[in-house]
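Could you build all of it, start to finish, from the sequences and the hints given here?
Residue numbers (the working numbering), protein chains in the order written: chain A, 1 to 155; chain B, 1 to 155; chain C, 1 to 415; chain D, 1 to 415.
Hints were generated in silico from the structure; no laboratory data involved.
By construction, the Cβ of each residue, glycine as well, lies at the ideal position given by its N, Cα and C atoms.
There could be a bad hint or two in this list.
With a straight-line Cα cutoff of 25 Å, these simulated DSS-like cross-link-like pairs (lysine-lysine) come out [unchecked claim]: (1) Lys133/A x Lys188/D; (2) Lys106/A x Lys87/A; (3) Lys74/D x Lys188/D; (4) Lys134/D x Lys134/C; (5) Lys59/B x Lys87/B; (6) Lys106/B x Lys87/B; (7) Lys238/D x Lys188/D; (8) Lys133/B x Lys134/C; (9) Lys59/A x Lys85/A.
Taking beta-carbon pairs under 7 Å as the criterion, some of the chain C residues facing chain B (in silico) [stated by the list, open to error]: (10) His54; (11) Lys74; (12) Gln256; (13) Val398.
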Amino acid sequence: MQEMHPAHLDDLYQEVILDHYRNPRNHGEIPNPHVSSRGFNPFCGDEVFLGLNLDANQKIESVAFHGQGCSISQASASILTTLVKNKSLPEAEDLSQLLRELLRGKELSDDELDQIGDMEALQGVRQFPIRVKCALLPWATLDDGIADYRSNISP
Amino acid sequence: MQEMHPAHLDDLYQEVILDHYRNPRNHGEIPNPHVSSRGFNPFCGDEVFLGLNLDANQKIESVAFHGQGCSISQASASILTTLVKNKSLPEAEDLSQLLRELLRGKELSDDELDQIGDMEALQGVRQFPIRVKCALLPWATLDDGIADYRSNISP
Amino acid sequence: MLDAAKIKQDFPILAKLVYGKPLVYLDNAATSQKPSSVIQTLVDYYEGYNSNVHRGVHALSMESTQRYEEAREKIARFIGSPGSENLIYVRNTTEGINLVANTWARANVNDGDEILTTEMEHHSNLVPWQQLAKARNATLRFIPVTDEGTLDLSNIDSLINHRTKLVAMTHMSNVLGTINPVKDLTAKAHAVGAHVLIDAAQSVPHLPVDVTHLDCDFLAFSSHKMLGPTGIGGLYVKSDTLEQMEPFLTGGEMVQEVTFEGATWNDLPMRFEAGTPNIAGSIGLGAAVDYLEALGMENVHQHETEITQYALQALKELAEEFTFYGPTDPARRGGIVSFSSPHVHPHDLGTILDQAGIAIRAGHHCAMPLVRDRLGVAATARASFYIYNTTEEVDLLVTTLKDALRYFSKSLSLP
Amino acid sequence: MLDAAKIKQDFPILAKLVYGKPLVYLDNAATSQKPSSVIQTLVDYYEGYNSNVHRGVHALSMESTQRYEEAREKIARFIGSPGSENLIYVRNTTEGINLVANTWARANVNDGDEILTTEMEHHSNLVPWQQLAKARNATLRFIPVTDEGTLDLSNIDSLINHRTKLVAMTHMSNVLGTINPVKDLTAKAHAVGAHVLIDAAQSVPHLPVDVTHLDCDFLAFSSHKMLGPTGIGGLYVKSDTLEQMEPFLTGGEMVQEVTFEGATWNDLPMRFEAGTPNIAGSIGLGAAVDYLEALGMENVHQHETEITQYALQALKELAEEFTFYGPTDPARRGGIVSFSSPHVHPHDLGTILDQAGIAIRAGHHCAMPLVRDRLGVAATARASFYIYNTTEEVDLLVTTLKDALRYFSKSLSLP
Ligand SMILES: Cc1ncc(COP(=O)(O)O)c(C=O)c1O
Ligand SMILES: Cc1ncc(COP(=O)(O)O)c(C=O)c1O
Numbered sequence: 001m002q003e004m005h006p007a008h009l010d011d012l013y014q015e016v017i018l019d020h021y022r023n024p025r026n027h028g029e030i031p032n033p034h035v036s037s038r039g040f041n042p043f044c045g046d047e048v049f050l051g052l053n054l055d056a057n058q059k060i061e062s063v064a065f066h067g068q069g070c071s072i073s074q075a076s077a078s079i080l081t082t083l084v085k086n087k088s089l090p091e092a093e094d095l096s097q098l099l100r101e102l103l104r105g106k107e108l109s110d111d112e113l114d115q116i117g118d119m120e121a122l123q124g125v126r127q128f129p130i131r132v133k134c135a136l137l138p139w140a141t142l143d144d145g146i147a148d149y150r151s152n153i154s155p
Numbered sequence: 001m002q003e004m005h006p007a008h009l010d011d012l013y014q015e016v017i018l019d020h021y022r023n024p025r026n027h028g029e030i031p032n033p034h035v036s037s038r039g040f041n042p043f044c045g046d047e048v049f050l051g052l053n054l055d056a057n058q059k060i061e062s063v064a065f066h067g068q069g070c071s072i073s074q075a076s077a078s079i080l081t082t083l084v085k086n087k088s089l090p091e092a093e094d095l096s097q098l099l100r101e102l103l104r105g106k107e108l109s110d111d112e113l114d115q116i117g118d119m120e121a122l123q124g125v126r127q128f129p130i131r132v133k134c135a136l137l138p139w140a141t142l143d144d145g146i147a148d149y150r151s152n153i154s155p
Numbered sequence: 001m002l003d004a005a006k007i008k009q010d011f012p013i014l015a016k017l018v019y020g021k022p023l024v025y026l027d028n029a030a031t032s033q034k035p036s037s038v039i040q041t042l043v044d045y046y047e048g049y050n051s052n053v054h055r056g057v058h059a060l061s062m063e064s065t066q067r068y069e070e071a072r073e074k075i076a077r078f079i080g081s082p083g084s085e086n087l088i089y090v091r092n093t094t095e096g097i098n099l100v101a102n103t104w105a106r107a108n109v110n111d112g113d114e115i116l117t118t119e120m121e122h123h124s125n126l127v128p129w130q131q132l133a134k135a136r137n138a139t140l141r142f143i144p145v146t147d148e149g150t151l152d153l154s155n156i157d158s159l160i161n162h163r164t165k166l167v168a169m170t171h172m173s174n175v176l177g178t179i180n181p182v183k184d185l186t187a188k189a190h191a192v193g194a195h196v197l198i199d200a201a202q203s204v205p206h207l208p209v210d211v212t213h214l215d216c217d218f219l220a221f222s223s224h225k226m227l228g229p230t231g232i233g234g235l236y237v238k239s240d241t242l243e244q245m246e247p248f249l250t251g252g253e254m255v256q257e258v259t260f261e262g263a264t265w266n267d268l269p270m271r272f273e274a275g276t277p278n279i280a281g282s283i284g285l286g287a288a289v290d291y292l293e294a295l296g297m298e299n300v301h302q303h304e305t306e307i308t309q310y311a312l313q314a315l316k317e318l319a320e321e322f323t324f325y326g327p328t329d330p331a332r333r334g335g336i337v338s339f340s341s342p343h344v345h346p347h348d349l350g351t352i353l354d355q356a357g358i359a360i361r362a363g364h365h366c367a368m369p370l371v372r373d374r375l376g377v378a379a380t381a382r383a384s385f386y387i388y389n390t391t392e393e394v395d396l397l398v399t400t401l402k403d404a405l406r407y408f409s410k411s412l413s414l415p
Numbered sequence: 001m002l003d004a005a006k007i008k009q010d011f012p013i014l015a016k017l018v019y020g021k022p023l024v025y026l027d028n029a030a031t032s033q034k035p036s037s038v039i040q041t042l043v044d045y046y047e048g049y050n051s052n053v054h055r056g057v058h059a060l061s062m063e064s065t066q067r068y069e070e071a072r073e074k075i076a077r078f079i080g081s082p083g084s085e086n087l088i089y090v091r092n093t094t095e096g097i098n099l100v101a102n103t104w105a106r107a108n109v110n111d112g113d114e115i116l117t118t119e120m121e122h123h124s125n126l127v128p129w130q131q132l133a134k135a136r137n138a139t140l141r142f143i144p145v146t147d148e149g150t151l152d153l154s155n156i157d158s159l160i161n162h163r164t165k166l167v168a169m170t171h172m173s174n175v176l177g178t179i180n181p182v183k184d185l186t187a188k189a190h191a192v193g194a195h196v197l198i199d200a201a202q203s204v205p206h207l208p209v210d211v212t213h214l215d216c217d218f219l220a221f222s223s224h225k226m227l228g229p230t231g232i233g234g235l236y237v238k239s240d241t242l243e244q245m246e247p248f249l250t251g252g253e254m255v256q257e258v259t260f261e262g263a264t265w266n267d268l269p270m271r272f273e274a275g276t277p278n279i280a281g282s283i284g285l286g287a288a289v290d291y292l293e294a295l296g297m298e299n300v301h302q303h304e305t306e307i308t309q310y311a312l313q314a315l316k317e318l319a320e321e322f323t324f325y326g327p328t329d330p331a332r333r334g335g336i337v338s339f340s341s342p343h344v345h346p347h348d349l350g351t352i353l354d355q356a357g358i359a360i361r362a363g364h365h366c367a368m369p370l371v372r373d374r375l376g377v378a379a380t381a382r383a384s385f386y387i388y389n390t391t392e393e394v395d396l397l398v399t400t401l402k403d404a405l406r407y408f409s410k411s412l413s414l415p
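Written out as structure tokens, the structure is:
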């Protein structure tokens, strides 16, 4: 076997993460959302439903999620909802991209760190490669929802 | 690998065998035979057609074979035709059984050796397990033909 | 009980450290580890007599063919098959079940017929029947699962009826550990003229299984779950049914004679084995059977029953925080324990246990309908035992579960 | 030429004695031998990180999944596939072809359509199409083989026509060694809208093969013929076609979500891989690809061309007693030499060569229609070469063939 180094559970389960897991922000459902999608991981069964409404300027006015899954996927979903509010869809997609880069090991600039808020706490997931897809699930769900929304408004 | 002992080619290719191979006895076809069958070995492609006619006493009056195959299968077929002539069908089946026993390593009695004639030369095949089925092919074909014949006369 | 500490020495992987900690392998229902004798059999094959089977006149080919067919005889005997021609080599349980679905079932299940299965099936014994039912316009029905995790047989006499063509059921649940009364159900099915397929992926590795005694028509199992190599398994088919079955995959090895226009089929069981088989895998499975037979399947089963009872007892301490699934009667279950907690998600449990060197599985265990719709959770954590597991390992599992609980529900640092 | 003597040292089996004589292995078209690196890869897997793939949260499962998918990427790159999702793991070439026959072909070949194949196919690329043609009421047509053993393309423009739905052909004949112009034929087939399947069982092990360059829709090959383990192989499918294909086998691994009522399918290529795969075999095939890439496939091909030319030259001495099959132009053939003699049956040749430690094959080579109906013999003897074969081995073959002739046609004792 490859040498496996003990990773640090405390890096994975940072206080911020566990707090989002125990006290999820924006948990629930938005009636008749403009953008809505469901993400599902067939290998572990984790599931995220995401809904969001846009204001007149095409900014995200309200957002909510619900679902079932591990602390990482659910905390990541909660963090997502706090970050995308008042953002445009392209801005939300940029955040999704930033998380991918963060988890791939990229060092973020101060400017980028400023944008990502609690998402920074997901950095610890890097040491647990198998959990990376948990952290990404809500964001992939967001990307899917936005893509769907776009193809629906301009068929 | 298991220890493989060099076998003796001269035991396999005894003069009697090569003679039957080069100068097959009763080679050809019997028109409208009472008993007829075809044997085929799917793994090597050897093929034997066997036909025989019975006299009024249900003894084998005439017999012929043709086909394609290695020296062992063709020599065995030739030997078969020399042995079964003037035998009853059960007697022919006994001979077939004797060959199986011989090839399985059984020591035959003097009485049995008397009956098997040139078949004795097939003993060398024992050292070449993969060739056992070559030696048996014509005899299995005979057994099949007899079984068919019986089921046709008493359906 | 088996001398698990001694058995462990036969398994090189169990001497490895994971994150510096001894490996505690409790994921046996997913796949088992392999003893040196099996690994060495593969090496001996490739270093000593590797060759294609059935058609060669040279020494290597004779030896590989002989060992390949000897392995088949051994495996057939191991499951109580009357002959080795009843044992078809397949890649795994899944392929075995698909073979039956695409041959016998496709030819015999018709419009309006019923296929009966259970609510506790692995996807591999469910999706093929969903597909078949769709293709043949047949109805798929389910034997329900009780809250305790056993089959609810209260309506069995209406579930098995004159429209039933096939009963396809697992011998042992890979989620609940439940051992099903497959012999009785087979008798009931035969009474109405239905055929019976047993998914033995979890039973052949862990219990004495005898197809003649069970009287089933089909039984499928996987080598990788019973100490053998990956990529090989067996499908037993009863003789009368086997003789009627048309081939599934076609090509080399399974034909008798071929012309440009058409082909005739080879003898059984080769008729169902198209192309060059997993030769090393088959011989390796034969070596796994040798290993299990030397232990004795009664002893294997007893060992696992005892470990499971010990675990269920030890886990009682956690009964407030965890739900445990499966029958309470130890006689009705094998060495599988599934559990879940509202406080720690199974996936998080898996990570925490992994850091302690303990390998368990977390998820739906390829039985989504059972886990999601019947147990009502998205996932469970599952510990599954085999011959090399010890009570000390169970103790470590329990301790680490407690740590995980504390970590998640109370404090924020592991002790 | 490759340094075959040095390469031999990587293959433990080639150091063995057969009947006290060094093994001369000339049965490579049936299956190849395996280098230590491949065997060691299997041992490393079973001793170090054996675990089921794709669903585990523990260290072993992460490692096995990673290595399993890395092997897929490596193998995909090796055949020039644009992505690893185009590469489906199958048991062997035969299963790959059957997968296409049972999915794409069953959905796209209809009443009155034509499937075009050649007169030189292995049963594995013939019988599935005979069966499909019967099932779909389509016509199976054949590109004839010239007396020299090449494809007769004089009527190709009528053979490939607007009714042609599929052209299924071998890249290299396992009897004649002929290398077919598959790229040109693929272009012709695409021009009429037909799909193309290439049986690459004999080409991927021996020639540089690039599916993007060939532009074929399907290409199948076997690990065991290319230094890899038994029980594994690959089916490449072009993306546009792959996306349209319905699953073949169903069960675990290949599903996305399952309810009691039905299922949705997983992403590509997992959608086509039901059940626990041959994990060790796949990783072992990856190691075989590493070995071949280190040699360079151009070098492999060149080595075999040179050995074959040497053999054809040396065998000229026997031209009176033997018929040799296949193209005379060395550029049109790979390392396979088939021959027969009216004086010694191939089977007897096989036995005599075997006693000298030389492994060849005798028979119809799973190409009965070609051998019986086209070459007009019941069997041929076949010597087939690989990277470890030397000109000295060819010399020994020729000498022993002479002995055999003498033995059978003149005197009665071997010298
Ligand atoms: C040209 C060709 N096609 C197909 C096959 C079948 O390969 P496998 O038996 O590995 O499926 C072979 C090998 O025997 C072959 O030579
Ligand atoms: C009950 C049951 N059936 C079927 C299977 C499928 O086995 P395989 O993946 O080896 O085909 C499994 C294993 O996961 C199982 O536990």
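To see whether the hints hold, each was checked on the structure:
| no. | hint | in the structure |
| --- | --- | --- |
| 1 | Lys133/A x Lys188/D | violated (45 Å) |
| 2 | Lys106/A x Lys87/A | holds (23 Å) |
| 3 | Lys74/D x Lys188/D | violated (30 Å) |
| 4 | Lys134/D x Lys134/C | holds (23 Å) |
| 5 | Lys59/B x Lys87/B | holds (5 Å) |
| 6 | Lys106/B x Lys87/B | holds (23 Å) |
| 7 | Lys238/D x Lys188/D | holds (17 Å) |
| 8 | Lys133/B x Lys134/C | violated (47 Å) |
| 9 | Lys59/A x Lys85/A | holds (8 Å) |
| 10 | His54 | holds (6 Å) |
| 11 | Lys74 | violated (17 Å) |
| 12 | Gln256 | holds (5 Å) |
| 13 | Val398 | violated (49 Å) |
This entry does not satisfy hints 1, 3, 8, 11, 13, going by the numbered hints stated previously.
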